[in-house]
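Position chain B against the provided structure of chain A, taking the given hints into account.
Chains as they are written, first to last, in the working numbering: chain A, 38 to 256; chain B, 22 to 466.
No lab work stands behind these hints: they were computed from the structure.
Each residue gets a CB set at the ideal place from its N, CA and C atoms; glycine is no exception.
Be aware that one or more of the hints could be misleading.
Unchecked claim - So, partial list: chain B residues that the calculated Cβ filter (under 8 Å) puts toward chain A:
| id | residue |
| --- | --- |
| 1 | Ile73 |
| 2 | Val75 |
| 3 | Arg76 |
| 4 | Ala81 |
| 5 | Pro94 |
| 6 | Lys103 |
| 7 | Val139 |
| 8 | Gln140 |
| 9 | Tyr141 |
| 10 | Pro143 |
| 11 | Phe144 |
| 12 | Leu212 |
| 13 | Arg309 |
| 14 | Gly357 |
| 15 | Arg358 |
| 16 | His384 |
Unchecked claim - Cross-link-like lysine-lysine pairs, in silico, DSS-like; alpha carbons within 30 Å at most:
| id | chain 1 | residue 1 | chain 2 | residue 2 |
| --- | --- | --- | --- | --- |
| 17 | B | Lys68 | A | Lys75 |
| 18 | A | Lys64 | B | Lys115 |
| 19 | B | Lys186 | A | Lys182 |
| 20 | A | Lys182 | B | Lys57 |
| 21 | A | Lys182 | B | Lys53 |
| 22 | A | Lys75 | B | Lys115 |
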Amino acid sequence: MVEIYNFVVGPLAWVGWGIFVVGIIYKLIYMYSLARAKDYSSLDYMSLPFSLRSIFVWSIPFYATNWKRNPAMTVATFLFHICLIAVPVFLLAHVVLWQKFFGITWATLPDQAADYMTLAVIAACVFFGVRRATDLRARYVTSYKDWLILILVASPFVTGFLAYHQIFNYKFMIILHIVSGLAWLALIPFTRLSHMFLGLFTRAYAGSEFGKVRHVKDW
Amino acid sequence: MGAVEYGIQNRKVDDIGLIQGAARLTPERIQKTIQKVLAGETGAKLKAYSEICVRCGLCAEACHFYMSHDGDPSYSPVGKVKQTMWVMLDKKGKVSPEFIYQAAQVAYTECNLCKRCVQYCPFGIDTAYIMLVVRRICHLLGVIPQYIQDTAHSHASTMNQMWVKDDEWIDALQWQEDEARDEIPNLRIPLEKEGAEIMYSVIGPEPKFRTQLIMQAAVLMNEAGMDWTMPATTGWDNSDMAMYTGDNEIMARLKRDHFECAQRLKVKRIVMGECGHAFRSIYDMGNRALAWRMHPVPVVHALEFYWELLRDGKLKVAKPFEKTVTLHDPCNVIRGRGLHEKAREVVRAFCPNFIEMIPNREHNYCCSAGGGVINCGPPFKNVRVQGNRVKAEQLKATGAEVCISPCHNCHGGLEDIIHGYKLGMELKFLIDIIYECMEKPNAAE
Numbered sequence: 038m039v040e041i042y043n044f045v046v047g048p049l050a051w052v053g054w055g056i057f058v059v060g061i062i063y064k065l066i067y068m069y070s071l072a073r074a075k076d077y078s079s080l081d082y083m084s085l086p087f088s089l090r091s092i093f094v095w096s097i098p099f100y101a102t103n104w105k106r107n108p109a110m111t112v113a114t115f116l117f118h119i120c121l122i123a124v125p126v127f128l129l130a131h132v133v134l135w136q137k138f139f140g141i142t143w144a145t146l147p148d149q150a151a152d153y154m155t156l157a158v159i160a161a162c163v164f165f166g167v168r169r170a171t172d173l174r175a176r177y178v179t180s181y182k183d184w185l186i187l188i189l190v191a192s193p194f195v196t197g198f199l200a201y202h203q204i205f206n207y208k209f210m211i212i213l214h215i216v217s218g219l220a221w222l223a224l225i226p227f228t229r230l231s232h233m234f235l236g237l238f239t240r241a242y243a244g245s246e247f248g249k250v251r252h253v254k255d256w
Numbered sequence: 022m023g024a025v026e027y028g029i030q031n032r033k034v035d036d037i038g039l040i041q042g043a044a045r046l047t048p049e050r051i052q053k054t055i056q057k058v059l060a061g062e063t064g065a066k067l068k069a070y071s072e073i074c075v076r077c078g079l080c081a082e083a084c085h086f087y088m089s090h091d092g093d094p095s096y097s098p099v100g101k102v103k104q105t106m107w108v109m110l111d112k113k114g115k116v117s118p119e120f121i122y123q124a125a126q127v128a129y130t131e132c133n134l135c136k137r138c139v140q141y142c143p144f145g146i147d148t149a150y151i152m153l154v155v156r157r158i159c160h161l162l163g164v165i166p167q168y169i170q171d172t173a174h175s176h177a178s179t180m181n182q183m184w185v186k187d188d189e190w191i192d193a194l195q196w197q198e199d200e201a202r203d204e205i206p207n208l209r210i211p212l213e214k215e216g217a218e219i220m221y222s223v224i225g226p227e228p229k230f231r232t233q234l235i236m237q238a239a240v241l242m243n244e245a246g247m248d249w250t251m252p253a254t255t256g257w258d259n260s261d262m263a264m265y266t267g268d269n270e271i272m273a274r275l276k277r278d279h280f281e282c283a284q285r286l287k288v289k290r291i292v293m294g295e296c297g298h299a300f301r302s303i304y305d306m307g308n309r310a311l312a313w314r315m316h317p318v319p320v321v322h323a324l325e326f327y328w329e330l331l332r333d334g335k336l337k338v339a340k341p342f343e344k345t346v347t348l349h350d351p352c353n354v355i356r357g358r359g360l361h362e363k364a365r366e367v368v369r370a371f372c373p374n375f376i377e378m379i380p381n382r383e384h385n386y387c388c389s390a391g392g393g394v395i396n397c398g399p400p401f402k403n404v405r406v407q408g409n410r411v412k413a414e415q416l417k418a419t420g421a422e423v424c425i426s427p428c429h430n431c432h433g434g435l436e437d438i439i440h441g442y443k444l445g446m447e448l449k450f451l452i453d454i455i456y457e458c459m460e461k462p463n464a465a466e
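Here chain A stands alone, though its shape is the one from the complex (with noise of 0.2 Å):
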């Protein structure tokens, strides 16, 4: 158990956060020239100002035309996106290990407020699941990999909250915890989680297109 917890946290670790650091940069590279490549005509037209104001607006809960319309998924989203970066970059137990392998630190969460919003985390996603299940308008265009991401998501935050409790094996259960988070990174640039960064630039270009050409709100 000690020699699979070491090799997940050393190498493993290294691979997971490498791939997903390098997928990243790979992939802004690789979209980047094929805008200039093939989508000229909208690269053109994109705008700071624009881009900036379209990503602060939506940013804001309960703005957004759309926001409005569907408060419950609003709340869920809102909500599941916060505390699902939130927890694993301020949670003490992650901080104390970076401050062991690299010796840097910085402020963490109360370890009771980071269990509440890791049960936050979990309800959105069986929220997105039963959504998923039964609303027709998304239920309509959902594929297997759909089901898949949900589950990816929320497996390090569902193993993570047993481990914490102790539930079950708490060894076996903080390795699985580990490789689920580090299976998560690992997979961002290459499935549809590649929302986290791509997602910002088709939203900088409606932006852009909507404030800068059409002169009217995106939103």
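Chain B in isolation, oriented as in the chain A frame:
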């Protein structure tokens, strides 16, 4: 999936263009064409859109087709992409002629390219763009509804949309000049006047069957004291159905002819009539196809032109238009150019009893005729009328006697909706009201 299998397979419409086009296809040709378009004409935009769409379905309620079909998800924007582009991408173009038939029907007749869904997608995914790529593929495969293909043929052979012959065009202008002179004896429609300030351009259907609009515009130009002209050669037609069939080559030729016509006449700017798609083709798509960031000759849409005349005191209200009116915001000049406030200022100046429809401005529901859908002709009339029940409800809720629709395609579509749902509303172009209520200093007693 549940008991009901939603999708285009349940609502296929017989169209000779689609039937004969699909009959000529082979799987090899389909695959080669799809791969050629995907590799040669699309890039990061389509890749990003396809990859990051999280299949949430939040775009559904943006679409009038979805809103008018009791929650049938196959009419939602993402539902249409699922039935067309995703399959082409997943199967790398290995799809059947039957699939192309259905994809063509979705892309040409169940999407108006109005881009309302772009405003509803958290990522700003442009479904209209994806539908245009599908249309491009169908165009190259020769699977296009017959009626709209006929207009594209007309564009290609006559440089106008309606098979108007060179002499018929001039004839129509002289006829309208004659008509106008009954009321305004000094009126001329100046042809080929080099160095005029304005070249006035219209769409092919104006000389063909909405000829009175030319007369009304001539009266406006004359009474406002404009230095204007109309061309006697090709290039007079600013419309562009090739843009909607996916025939990008003809689209570029048309726009080039239009701009070069204005440059030959050495005019300072082009003013165009109340047409939406023509504006899209000079402002959004045709100019880009020609690698111009913006149009090389300044172009002013009618709505903005009326507003300018009003602002400068060249257009004055003689009498108010008393009936209650509502205003339909056409996608291509509102969501496409932001002319909604200017349009309202003009409407309010003439119509004291103005009622907003809800939603309005850039959130207005589409007419369901634009994007070439009405040009797909009678076989698809029910598709667009039944597909826009929500528009009928929106119009009805205003209680207005008159609906102003400053766009040709919207006009045609709303006419069918008003009749189809028995709304008993009058439908007008803005110029109809301006012509009726403006001051005409040169008019005969």
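Hint-by-hint comparison with the structure:
Hint on isoleucine 73 (chain B) holds. Least Cβ distance to chain A is approximately 4 Å, under the 8 Å limit. Because the smallest distance between the Cβ of valine 75 (chain B) and any Cβ of chain A comes to about 6 Å, under 8 Å, the interface hint for this residue holds. Checking arginine 76 (chain B) against chain A: minimum C-beta separation of about 4 Å stays under 8 Å; hint holds. Taking 8 Å as the C-beta cut-off, the interface hint given for alanine 81 (chain B) holds, the closest approach to chain A being about 4 Å.
For the restraint placing proline 94 (chain B) at the interface with chain A, the shortest Cβ-Cβ distance is roughly 4 Å, inside the 8 Å limit, so the hint holds. With a cut of 8 Å, the hint placing lysine 103 (chain B) at the interface with chain A holds, because the nearest CB-to-CB distance is about 5 Å. For the restraint placing valine 139 (chain B) at the interface with chain A, the shortest Cβ-Cβ distance is roughly 6 Å, inside the 8 Å limit, so the hint holds. Interface restraint check for glutamine 140 (chain B): the shortest CB-CB distance to chain A comes to about 6 Å, inside 8 Å, so the restraint holds.
Interface restraint check: tyrosine 141 (chain B) against chain A, minimum CB-CB distance 4 Å, threshold 8 Å, status holds. The beta carbon of proline 143 (chain B) is positioned within 8 Å of a beta carbon in chain A (closest approach about 6 Å), and the interface hint is therefore held. Interface restraint check for phenylalanine 144 (chain B): the shortest CB-CB distance to chain A comes to about 5 Å, inside 8 Å, so the restraint holds. A least Cβ separation of about 34 Å between leucine 212 (chain B) and chain A goes past the 8 Å threshold, and the interface hint is therefore violated.
With a least beta-carbon distance of about 4 Å to chain A, the hint placing arginine 309 (chain B) at the interface is held under the 8 Å criterion. Using the Cβ-Cβ criterion of 8 Å, the hint placing glycine 357 (chain B) at the interface with chain A is satisfied: the shortest such distance is roughly 6 Å. Using the Cβ-Cβ criterion of 8 Å, the hint placing arginine 358 (chain B) at the interface with chain A is satisfied: the shortest such distance is roughly 6 Å. Taking 8 Å as the C-beta contact cut-off toward chain A, the hint placing histidine 384 (chain B) at the interface holds, the least distance being around 7 Å.
Proximity of lysine 68 (chain B) to lysine 75 (chain A) is assessed by CA-CA distance (about 11 Å); at most 30 Å being required, the pair is judged to hold. Simply put, lysine 64 (chain A) and lysine 115 (chain B) have alpha-carbon atoms about 27 Å apart, close enough for the 30 Å limit, and the pair holds. A hinted pair counts as satisfied when its Cα atoms are at most 30 Å apart, and lysine 186 (chain B) with lysine 182 (chain A) does not qualify at roughly 56 Å. For the proposed pair lysine 182 (chain A) and lysine 57 (chain B), the alpha carbon gap of about 27 Å is at most 30 Å, so the pair holds.
With a CA separation close to 27 Å, the supplied pair lysine 182 (chain A) and lysine 53 (chain B) stays within the 30 Å bound. Pair hint lysine 75 (chain A) plus lysine 115 (chain B) holds up; C-alpha atoms about 23 Å apart against a cutoff of 30 Å.
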